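Q: Residue-level listing of the chains:
Protein chains: 6
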Amino acid sequence: MQEYIAYYNGEWMPFSEVRVHPMDRGFVLGDIVFDVERTFDGKSFRMKQHVDRLYRSLKYVRIDPGLTADEMLDLSEEAISRNEHLRAPVGDFRVNQWVTRGIGGSGFPGGPPAVCVNVLPVDFARYAKAYEDGQHGVITKTRSYPPEALDPKIKHHSRMNFNLATLEANDVDPGAWPLLLDMEGNLSEGVGYNYFLVTDGVIRTATDTAILQGVSRGMVFDLARQLDIPVVEEDLQPYDLYTADEAFFASTSYCVLPMTVVDKRPIGDGKPGPVANQLLAAWSEAVGLDIVGQAQRFAG
Amino acid sequence: MQEYIAYYNGEWMPFSEVRVHPMDRGFVLGDIVFDVERTFDGKSFRMKQHVDRLYRSLKYVRIDPGLTADEMLDLSEEAISRNEHLRAPVGDFRVNQWVTRGIGGSGFPGGPPAVCVNVLPVDFARYAKAYEDGQHGVITKTRSYPPEALDPKIKHHSRMNFNLATLEANDVDPGAWPLLLDMEGNLSEGVGYNYFLVTDGVIRTATDTAILQGVSRGMVFDLARQLDIPVVEEDLQPYDLYTADEAFFASTSYCVLPMTVVDKRPIGDGKPGPVANQLLAAWSEAVGLDIVGQAQRFAG
Amino acid sequence: MQEYIAYYNGEWMPFSEVRVHPMDRGFVLGDIVFDVERTFDGKSFRMKQHVDRLYRSLKYVRIDPGLTADEMLDLSEEAISRNEHLRAPVGDFRVNQWVTRGIGGSGFPGGPPAVCVNVLPVDFARYAKAYEDGQHGVITKTRSYPPEALDPKIKHHSRMNFNLATLEANDVDPGAWPLLLDMEGNLSEGVGYNYFLVTDGVIRTATDTAILQGVSRGMVFDLARQLDIPVVEEDLQPYDLYTADEAFFASTSYCVLPMTVVDKRPIGDGKPGPVANQLLAAWSEAVGLDIVGQAQRFAG
Amino acid sequence: MQEYIAYYNGEWMPFSEVRVHPMDRGFVLGDIVFDVERTFDGKSFRMKQHVDRLYRSLKYVRIDPGLTADEMLDLSEEAISRNEHLRAPVGDFRVNQWVTRGIGGSGFPGGPPAVCVNVLPVDFARYAKAYEDGQHGVITKTRSYPPEALDPKIKHHSRMNFNLATLEANDVDPGAWPLLLDMEGNLSEGVGYNYFLVTDGVIRTATDTAILQGVSRGMVFDLARQLDIPVVEEDLQPYDLYTADEAFFASTSYCVLPMTVVDKRPIGDGKPGPVANQLLAAWSEAVGLDIVGQAQRFAG
Amino acid sequence: MQEYIAYYNGEWMPFSEVRVHPMDRGFVLGDIVFDVERTFDGKSFRMKQHVDRLYRSLKYVRIDPGLTADEMLDLSEEAISRNEHLRAPVGDFRVNQWVTRGIGGSGFPGGPPAVCVNVLPVDFARYAKAYEDGQHGVITKTRSYPPEALDPKIKHHSRMNFNLATLEANDVDPGAWPLLLDMEGNLSEGVGYNYFLVTDGVIRTATDTAILQGVSRGMVFDLARQLDIPVVEEDLQPYDLYTADEAFFASTSYCVLPMTVVDKRPIGDGKPGPVANQLLAAWSEAVGLDIVGQAQRFAG
Amino acid sequence: MQEYIAYYNGEWMPFSEVRVHPMDRGFVLGDIVFDVERTFDGKSFRMKQHVDRLYRSLKYVRIDPGLTADEMLDLSEEAISRNEHLRAPVGDFRVNQWVTRGIGGSGFPGGPPAVCVNVLPVDFARYAKAYEDGQHGVITKTRSYPPEALDPKIKHHSRMNFNLATLEANDVDPGAWPLLLDMEGNLSEGVGYNYFLVTDGVIRTATDTAILQGVSRGMVFDLARQLDIPVVEEDLQPYDLYTADEAFFASTSYCVLPMTVVDKRPIGDGKPGPVANQLLAAWSEAVGLDIVGQAQRFAG
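Chains as they are written, first to last, in my numbering: chain A, 1 to 300; chain B, 301 to 600; chain C, 601 to 900; chain D, 901 to 1200; chain E, 1201 to 1500; chain F, 1501 to 1800.
Hint data in this document are derived by calculation from the structure and do not stem from the laboratory. Given the structure is predicted, the values throughout are model-derived calculations rather than measurements. We treat Cβ as the ideally placed atom computed from N, Cα and C, and that holds for glycine. You may find that some hints are simply not true.
[To be verified] Cut-off 25 Å, straight-line C-alpha distance, at most; resulting in silico cross-link-like pairs (DMTMM-like, lysine to aspartate or glutamate): (1) F:K1559 to C:D771; (2) C:K648 to B:D569; (3) F:K1559 to E:D1373; (4) E:K1259 to A:D269; (5) D:K948 to D:D974; (6) D:K959 to E:E1384; (7) A:K264 to A:D245; (8) A:K59 to D:D1169; (9) F:K1548 to F:E1584; (10) F:K1771 to B:D370; (11) F:K1764 to B:D352; (12) A:K43 to A:E71; (13) A:K59 to D:E1084; (14) B:K359 to A:D171; (15) F:K1559 to C:E834; (16) B:K348 to F:D1700; (17) E:K1259 to E:E1277; (18) D:K959 to E:D1469; (19) B:K359 to A:D173.
[Stated by the list, open to error] Quick list of the computed label-pair ranges, beta carbon to beta carbon: (20) A:G218 to D:S981: 49 to 57 Å; (21) A:E11 to D:R1125: 47 to 55 Å; (22) C:K864 to D:D964: 21 to 29 Å.
The whole structure should be built from the sequences, with the hints applied where relevant.
A: Right under this line is the structure:
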């Protein structure tokens, strides 16, 4: 890994020197929230929406990071520019902000919150091939947390259920990505992504009761409006996905990725669908960069 | 903090040098399990039960620590003996084992699991006074995870719901400890402890559907049997706690601690109850140490 | 109605002069708890258990009646003795205590709690015939309140769901009594009574999660123990009642009453069962009075 | 209290002479439905909508009041005009209709339904100050009844859960008003009021699955349409309220009241929000009366 | 019964010779899906929509019928034309396709799927009278399957819950049709039909979470659009049906049928409503046949 | 298949001539209940318990078979003896009784119930090898029906959820058997079998809330009592099975079969466990036949 420069607790330092204290509540108790963005050709994208969501997470869990949202935004842009000279070989960056409640055991912290802003390369290798072949999905037994226990609208690290879902998806179809249901059995979200289906020309996806309010999900809505494709947020069941014409994932790194198989069954004709491709084209235009081409170029 | 010696990834080192990598899945994704014990006069207590539970957690989440349970047990005893010379000022130790899935981003890890065994002083200061005055409890809106999302019988770090419950308890009664309900509205567990009530001479507590299978809880059952006090595991509701004769907490550090107030209402006559005191006396006898006296002596 | 003497807000007065203020929260907001007992040959029965339950209800809803439990007990006995001269024509009395939070609108009360202790004749006419013919039951669509909304272990007046269940039972089988299920679909309780079934010689009934902890229910348990009939508290479903050998109701007024038909289907052979009759005989012996005979004599 | 004139069971009489019979099922079993309106400058407001809702409640619980909806409407207007001479010192009236199933014990009634129509002063003192300072709210553990047990769309007196929620809110923040969730954990209603939040210029509130279909809620929808403010009815969670820009209550007496704090956390900037104020201004215009000014004038 | 000709496993044969093997999984394990259409004056109606739904059912349960959807469509039309000479005495046909997984015990099948396409007379006698008098409904205790156990969007034969619901409806009101709720207590569907209510001129019906996606339901939506009657799909409760202005059923055989009584209570004025009649008129026009007149003529 | 003789609707005939009418409600609507037993060396086993359960199923679904339980028992024994001459090549028989509600479409039947009693060979080939190697299990996403929709205590043919669960288990681990959870996420039953786990020497299994009350399950309880192995019926979660020392299936055909792998993870040491083997030995002794040896001999 390159010597990326990261902001950590008030200082800029090589990311390799950032270490989490083993008594930090963010580690011991998952007492941490975060957010992630990516750049397109080195330029940030909807950064303010991400930072606003981070501050909603902070407000919910009542951690005061000691920085305003504007300061966090500036630090995030600075993290990008400070690492710009390292971008060429990787194409683009993910930017990551995280804030823990600080050092402290089971009682409350003595130390101040730990705040980090750092960049990492976009992991093109994980999904570049899937733009053409499609990515498989598996509906897992492991469910999303119910909001009464922990609201999925907060972006936090308490993700053991995501880890279990990932293992479970691989049990069924190696390399497939997990698709969770909420506690009522409705389609909810994946592990760091939202998922969508298309029936009779309508994009359908979960309401935001038990999912993260994805920024990429919002971008899908905006592009669909622009493309005159209707979008519906509603309670959906596995039946709807099994019998859909088309399906896709959306997330910060890859924007939109076609889902071609679910639970070992082809979706539609088992090939990436036209709506996913339309969205990718429109998104590429919006950011002035061929999203798929870049991914394939840098996946190598 | 003293220079305790810890085992970390195959080496013994000062605990102050143990640092968690910011890309370790144990930090980024809560992909970690752990267990905690304490010593009584420097001797471990039911260590094998704790290590067995740790290995059940490991089995469930499918992390192979690269150590057998017996090796983990030996390392844990070694951690105690290596730090024995530092025990006098603090009275006794907590021993902590944790195992993460290793370094890796959203994909699966390239690195091996991180394994740590370390000791910390028992935090007598947090509860010593409560043996006499009683500790307050607050039933929170925040619920336990349902087993379908994340089984509370695993001991993991994905505890954002515990953090929220703690804040919430303090909103109602500063310093009070949270008491969670399961998704069906039954009494379940606290944030690192089980809780019990006594009605008409019977100890009653939650079944282990949505709680950690507490080792201290098991000890309470054993002592109650020895003292001829009946114990019932059943679905209980807040009514049962509000109208109980007596209530108490149980956990590794303090063994048993009387609960005297719940939701600002006195339990029974609002004083520590006789059953809690009987259990503390029997437990003290079992470990050959005056549990309450020691706590008060070292509470500082 | 006779000129029974009642205790009301510190005074003894004719019951006909007791009137509830239309601004009393007990009326406007159902802000009231109560309990009911009956006499056997003019003597109270398990009065202390009823008063203790009343005080648990008071504690739960946080109304202070301005009287100790002992004073309430004394007033209740006094209510019986003050009306003893009126008992002959009716056989025995129900005794009723109720306590409201006092006068006040949607804000909290300015006035003190209203406390009433009064007697009424046992309503033998409602059920005397059923000792021989059996009483019908109907499982209703209307459910018991879940404890998270309002715990059925409190004895209160917020009983609109009982009124609806009664109407519903009459839709199916005129004169039948409603049998409620809890929110999970398990048999729970009736509208002022518990119900039981007998399979292979075992008395089976609901756990007390979503029912009133009936004093008569407790007496059934005690008599069953004395008669060597096993009793199990568990989650039961309509299947268990439809296929039972026998079933019965238990409540303060009639003690035990056979249920012979449920949802228009005969239970067992459609006649009162032997266990119900054994319990009635044992109960009669315990209170020194032929319970069935008395009811039939005074039903007229 | 003034000598208001009330209609009670066919007669007009001083309200102070209206007394509820202690054997009335409306008192003993909560077997009663009601509705409440208010006047603006002595004129009724949406009275027909309220009376229609009362008749839906009556239809649901199958009580025949012996009066048509038109007759009830006339009686209600008559109650206002008969008390008009008493209005000046209090500003405006609440009008209250209630109908019980009549006298009867656990069996069904012998007597006819009791019908009352009466007026009371609007309780300006309870909330006048909150137009400027904002009213606090607390999300309670106590839940709304599920429709399967008792449909919240009926307006009845079985409100022990409201009483418990009110006590609970005061435990957290004295003087705060309770905000209930439904059994699934979604925002539902308060104790006699609906509540709303505003995010990005959109008014969002609960669907009417588990709430009263508020007449004031309907007025909020109408005014928002007139003001071109979008309104969405949907399943919302506490997250949505904690992170909202603004929130408010709506009810008959105060129309709209800003909510500025929830669970001790400021909503938005912690001050009454612009949408609430727009609605109050539009409502004032609609009824030809300065709602806030009147409340402050008469709050005493 | 006439000698209708049916397609069975590759051959055309008299329907009276079609017999199901007692080891066919379609019989032993309910391992079968099907669909049903009707003709209007001998012409098929929305046959392709029905066949598409059949193929969604087949896809979900993973049975390959060995025929394409187009071949199934052709066979279905052929079944109509082969029996056309028998249509006059009965007016019109129902067409029925079913596909089982084939012969096999508890293990998987050795034999090929069994495929049948057959016609039967429309059962006008069952409902013709109800166009004028209205059909009664009863809300049953028996619930729809939750999608997590068996998705009601599949059209299958595992209908024991429908049989129980039908018996139950007859217990309350002989001849009435059952109306099921989903597991959350919302109005869902009947036993082979959807149901709708009308309030203030709006047609309201269940979302398709826990119901069959009725083709007739779709036709109701289309006609309503054409008639400028708004339609809402939402979570509804019994309250909404009890207090509706009007209600109706929709299904393949009778298209639309007024519901005039629910749970023995009149809906609206207890007479067939104007919206149902408008829909019937528009439907008749769409298919060029007086639907009601034909039914009454052939009900014989 | 041999020419077994079967009882069908009052006659004895070759089973190959038994055919189900395609309009029989048992086929069209799953309106059928059944039971299954097996012989040991040609002798029936607990036949009366099975027939009693069949009659509980009949009572629940309100089908009158036109035969008493004693007559059904006699017919069942007669089916065995009439086919005894065909038993030698297959070892032993399964005996199957089923009763449908008779011919009839969506309305109720015109015809009488169809009653069948027939024998089939025990399918030793399906499981004989698994006595030594163990059978794999997979916990499915497909859930058991909730009793409110269709009580699993009835033995019926509405088993589409079983078919889906079987396909799903094969997706994960080809040849593995499905293990269902109930709607609350607790271990429930398989598709025609119960399952058990062993922890610390205690046999643990689901309560009978959402499972068939297995006759083999009852036999396991009886043998365990005889062998002094404690048995607990309780709510269990996947955690309990993943971390068990041992697990097994129980059903009529194979009695007890070890489960050695669940969700691709070994149970205990991944070999058949001692408790399963003890139970098989005791069962063999009880029926006077080496159960495992016979299965292996006839597995072919």
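Q: Look at each hint and say if it fits the structure.
A: Tested hints:
{"no.": "1", "hint": "F:K1559 to C:D771", "result": "holds (23 Å)"}
{"no.": "2", "hint": "C:K648 to B:D569", "result": "holds (19 Å)"}
{"no.": "3", "hint": "F:K1559 to E:D1373", "result": "holds (21 Å)"}
{"no.": "4", "hint": "E:K1259 to A:D269", "result": "holds (12 Å)"}
{"no.": "5", "hint": "D:K948 to D:D974", "result": "holds (10 Å)"}
{"no.": "6", "hint": "D:K959 to E:E1384", "result": "holds (23 Å)"}
{"no.": "7", "hint": "A:K264 to A:D245", "result": "holds (16 Å)"}
{"no.": "8", "hint": "A:K59 to D:D1169", "result": "holds (12 Å)"}
{"no.": "9", "hint": "F:K1548 to F:E1584", "result": "holds (20 Å)"}
{"no.": "10", "hint": "F:K1771 to B:D370", "result": "holds (22 Å)"}
{"no.": "11", "hint": "F:K1764 to B:D352", "result": "holds (21 Å)"}
{"no.": "12", "hint": "A:K43 to A:E71", "result": "holds (18 Å)"}
{"no.": "13", "hint": "A:K59 to D:E1084", "result": "holds (23 Å)"}
{"no.": "14", "hint": "B:K359 to A:D171", "result": "holds (15 Å)"}
{"no.": "15", "hint": "F:K1559 to C:E834", "result": "holds (23 Å)"}
{"no.": "16", "hint": "B:K348 to F:D1700", "result": "holds (15 Å)"}
{"no.": "17", "hint": "E:K1259 to E:E1277", "result": "holds (22 Å)"}
{"no.": "18", "hint": "D:K959 to E:D1469", "result": "holds (12 Å)"}
{"no.": "19", "hint": "B:K359 to A:D173", "result": "holds (21 Å)"}
{"no.": "20", "hint": "A:G218 to D:S981: 49 to 57 Å", "result": "holds (55 Å)"}
{"no.": "21", "hint": "A:E11 to D:R1125: 47 to 55 Å", "result": "holds (54 Å)"}
{"no.": "22", "hint": "C:K864 to D:D964: 21 to 29 Å", "result": "holds (27 Å)"}
In this structure, every one of the numbered hints holds.
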